Amino acid sequence: EADIYQTPRYLVIGTGKKITLECSQTMGHDKMYWYQQDPGMELHLIHYSYGVNSTEKGDLSSESTVSRIRTEHFPLTLESARPSHTSQYLCASSLDRGHSEQFFGPGTRLTVL
Amino acid sequence: AQSVSQHNHHVILSEAASLELGCNYSYGGTVNLFWYVQYPGQHLQLLLKYFSGDPLVKGIKGFEAEFIKSKFSFNLRKPSVQWSDTAEYFCAVNAETGANNLFFGTGTRLTVIP
Chain A
1 EADIYQTPRY
11 LVIGTGKKIT
21 LECSQTMGHD
31 KMYWYQQDPG
41 MELHLIHYSY
51 GVNSTEKGDL
61 SSESTVSRIR
71 TEHFPLTLES
81 ARPSHTSQYL
91 CASSLDRGHS
101 EQFFGPGTRL
111 TVL
Chain B
1 AQSVSQHNHH
11 VILSEAASLE
21 LGCNYSYGGT
31 VNLFWYVQYP
41 GQHLQLLLKY
51 FSGDPLVKGI
61 KGFEAEFIKS
71 KFSFNLRKPS
81 VQWSDTAEYF
91 CAVNAETGAN
101 NLFFGTGTRL
111 TVIP
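These protein sequences, in sequence, are chains A and B. Here the first sequence stands for residues 1 to 113, where the numbers follow the working numbering. Here the second sequence stands for residues 1 to 114, where the numbers follow the working numbering.
Extracted from the complex, chain A is given alone in its bound form (with noise of 0.2 Å):
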């Protein structure tokens, strides 16, 4: 079934521990993307991708990285944990076209303590 994954679904981890939150997608899309969405808040977009390779910054700065290594897999990255870092991790695909609807995964709920 194509579906989008993303593990965990939560995560608590101490201050300076690096951690790579997984997305997955069996929906034969080409690009990808990361969202930071906190309580109340819209969803900013942090990283997206037009397809293998391709890795781009999106409207929030962020200091997590991403890689695009296979079309179906598109992993973030922060190599050091901080409290500022908590907050919800939407992972997203589409076609690359402007009206394409964007299919979403559950989220990473990540807390830094």
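Hints are all accurate, no fakes.
No farther apart than 25 Å at their CA atoms in a straight line, the calculated lysine to any residue pairs in the SDA-like style are these:
1) A:K18 x A:R109
2) B:K61 x A:F103
3) B:K49 x A:Y5
4) B:K69 x B:T30
5) B:K61 x B:S14
6) A:K57 x B:H43
7) A:K57 x B:S26
8) B:K58 x A:F103
9) A:K57 x A:S24
10) B:K61 x A:P106
11) B:K61 x B:A17
12) B:K71 x A:S100
13) B:K49 x A:S100
The hints are simulated quantities; they were obtained by calculation from the structure and are not laboratory data. Given the structure is predicted, the values throughout are model-derived calculations rather than measurements.
Use these hints to put chain B onto chain A, whose structure you have.
Chain B in isolation, oriented as in the chain A frame:
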């Protein structure tokens, strides 16, 4: 850059009441417009979208939205809400040029009382 305003942060309605959620955007060029919904504990999913043609678009579960270009608006409507419509609703816009990335509003939380 585009921006999206959703003026209603939390709306509480009784079942069978009519719903209208406001959405205004700022961008002078051609845009695509979307409403997404997030039911409790579920993924964000598309309700409906507009990119050309009839400015009145119909989506899933009886929702519709009207694009009024002169007002830069894309309000969401439903004539009679149900308890199962309780969710968070997000308006989003992207431009036809450039990276086509979505800009989201802050969302409106709808609570429907049985």
